[in-house]
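Please model the complete structure; the sequences and the hints are all you need to start from.
Just so you know, the sequences run in chain order F and B. Counting in my numbering, the first sequence runs from 1 upward without gaps. Counting in my numbering, the second sequence runs from 1 upward without gaps.
Where hints are given, some of them may not hold.
[Claimed, not checked] Within a straight-line C-alpha distance of at most 30 Å, the following computed DSS-like cross-link-like pairs (lysine-lysine) qualify: (1) 66/F x 78/B; (2) 25/B x 99/B; (3) 48/F x 66/F; (4) 78/B x 99/B; (5) 146/F x 25/B; (6) 48/F x 99/B; (7) 48/F x 146/F; (8) 78/B x 25/B; (9) 78/B x 48/F; (10) 146/F x 78/B; (11) 99/B x 146/F; (12) 146/F x 66/F.
[Said to hold, decoys possible] One side of the interface only, derived from the structure: several residues of chain B facing chain F at Cβ under 10 Å: (13) 70; (14) 73; (15) 77; (16) 83; (17) 85; (18) 88; (19) 106; (20) 107; (21) 113; (22) 115; (23) 117; (24) 119; (25) 121; (26) 123; (27) 124.
Since the hints were made in silico from the structure, they are not lab data. Small disclaimer: the values here were computed from a predicted structure and weren't measured. We put the beta carbon where it would ideally sit given N, CA and C, even for glycine.
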Amino acid sequence: MSARESRNAQPPASPTTSDAWPEPALLRRLLRAKDRIDAASHEAWPVKRLAAVSGVSDAHFARSFKRAFGIPPHRYLLTRRIEQATALLRDTDLAITDIAFATGWESLGTFGRIFRDVTGRSPGAMRVDARAAMHRLDRVPACVLKAAQRPDLTCAVLEKRRGGGADTVEPSITEAS
Amino acid sequence: MNQGINVAGVYVDDQDEALAFYVDKLGFRVHTDVRNGSYRWLTVQHPDQPSFQLGLFTPGPPVHDDATAQTLRAMVAKGAMPPLVLSVSDCRASYARLKAGGVEFIQEPIERYGSIDAGFRDPAGNGWKMIQAPHGTT
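Set out below in structure tokens:
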């Protein structure tokens, strides 16, 4: 058995042994779940689906993901959707409604509200600003630049506001923190 | 060229596994593989780029204490190391070939402003972008 195989070996099922997990091997599997969100942030990512990617229990996944990456998986997903929406606003002429649905939101109202909450600007204003700023950044590889413009989402964002009434949206995943 | 960057390295958790990945899957060549006790200086080269060596280094003694080595391994495993860029002439063809060879791609080829990029990770967690420059540029 190679060093990696022994580090990746599944521990016994007993929960009391979970502290004995080799940390880098677990992190590598959590990274795989994060990569999957990155690759398809428009899809729904319930904890169960992410936990399966990482090969850990649902409860263990949410806790471990937050410990590894600093924010809960649900909130990480929002940052990726907003990053993607910002790129589409800047790089395409798609209507804002189309961008909302293309990036995984199920309601235009929810998209607009969360987008403003996180970026401080409406999607329309972001389109104008992002296009104006583009010429200064054309020496950075586009794929790296896109990630660098991801919002820093360290505070909670409510997908549904109390009394908001009109918006009905199924949370893509349940935030466990 | 006598002056310039000659070696830059990445941290990996398992040098044998990294060697198999960079040589057998990516098509790099071994430049230097020298051991001194538990220490192993291992560098590989892109076949088209003889002036540059990519080091595949393991955190650990004698360079790092245990806590530092553990931290470095964790940083690599959670993808926190700096981006690496591999320049290719045909991103989609390279993607198809490497994916068939078992490379863990994290992003399919995407065209942006005429360049095409895809993303993959080495077994340790280091993230690579594979970029095809737009026609007429370098």
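Results for each hint:
1. Taking the CA atoms of residue 66/F and residue 78/B, the gap is near 12 Å; set against the 30 Å cutoff, the hint holds.
2. A distance of roughly 9 Å separates the Cα atoms of residue 25/B and residue 99/B; the hinted pair therefore holds under the 30 Å criterion.
3. Annotation: proposed proximity of residue 48/F to residue 66/F holds, straight-line Cα distance about 15 Å (limit 30 Å).
4. Of the supplied pair hints, the one linking residue 78/B and residue 99/B holds, its CA atoms being roughly 22 Å apart against a limit of 30 Å.
5. Distance restraint check for residue 146/F and residue 25/B: the Cα-Cα separation of roughly 28 Å lies within the 30 Å cut-off, and the hinted pair is therefore satisfied.
6. With a C-alpha separation of about 26 Å, the suggested pairing of residue 48/F with residue 99/B holds against the 30 Å cut-off.
7. Proposed proximity of residue 48/F and residue 146/F is supported: the alpha carbons are some 28 Å apart, at most 30 Å.
8. The straight-line distance between the Cα atoms of residue 78/B and residue 25/B is roughly 22 Å, inside the 30 Å bound, and the hint therefore holds.
9. For the given pair, residue 78/B sits about 20 Å from residue 48/F by alpha-carbon distance, which is consistent with the 30 Å threshold.
10. Among the hinted pairs, residue 146/F with residue 78/B is consistent with the structure: their alpha-carbon atoms are about 19 Å apart, no more than 30 Å.
11. For a cut-off of 30 Å, the pair hint linking residue 99/B to residue 146/F stands: about 24 Å separates their Cα positions.
12. Restraint check: the Cα-Cα separation between residue 146/F and residue 66/F comes to about 23 Å, which is no more than 30 Å; the hinted pair holds.
13. This hint holds: residue 70/B has a C-beta 7 Å from the nearest C-beta of chain F, less than the 10 Å allowed.
14. Given hint, residue 73/B at the interface with chain F, holds; its Cβ is 4 Å from that chain's nearest Cβ, closer than 10 Å.
15. Checking residue 77/B against chain F by beta carbon gives a least distance of about 4 Å; that is within 10 Å, so the hint holds.
16. With its C-beta approaching chain F no nearer than about 6 Å, residue 83/B sits inside the 10 Å limit, and its interface hint holds.
17. The beta carbon of residue 85/B is positioned within 10 Å of a beta carbon in chain F (closest approach about 7 Å), and the interface hint is therefore held.
18. Proximity of residue 88/B to chain F is violated relative to the hint, the smallest CB-CB distance being about 13 Å (cut-off 10 Å).
19. Interface hint at residue 106/B: satisfied, since its Cβ lies 4 Å from the closest Cβ of chain F, which is below the 10 Å cut-off.
20. With 10 Å as the threshold, the beta carbon of residue 107/B comes within range of chain F, its nearest partner Cβ sitting at about 6 Å, so the hint holds.
21. At about 6 Å, the closest approach between the beta carbon of residue 113/B and any beta carbon in chain F falls short of 10 Å, and the interface hint on this residue holds.
22. Hint on residue 115/B holds. Least Cβ distance to chain F is approximately 7 Å, under the 10 Å limit.
23. Hint on residue 117/B holds. Least Cβ distance to chain F is approximately 5 Å, under the 10 Å limit.
24. A least Cβ separation of about 7 Å between residue 119/B and chain F falls short of the 10 Å threshold, and the interface hint therefore holds.
25. Checking residue 121/B against chain F by beta carbon gives a least distance of about 7 Å; that is within 10 Å, so the hint holds.
26. Among the interface hints, the one on residue 123/B holds; its C-beta lies about 7 Å from the nearest C-beta in chain F, closer than the 10 Å criterion.
27. For residue 124/B, the interface hint holds, the least distance from its beta-carbon to any beta-carbon of chain F being 8 Å, beneath 10 Å.
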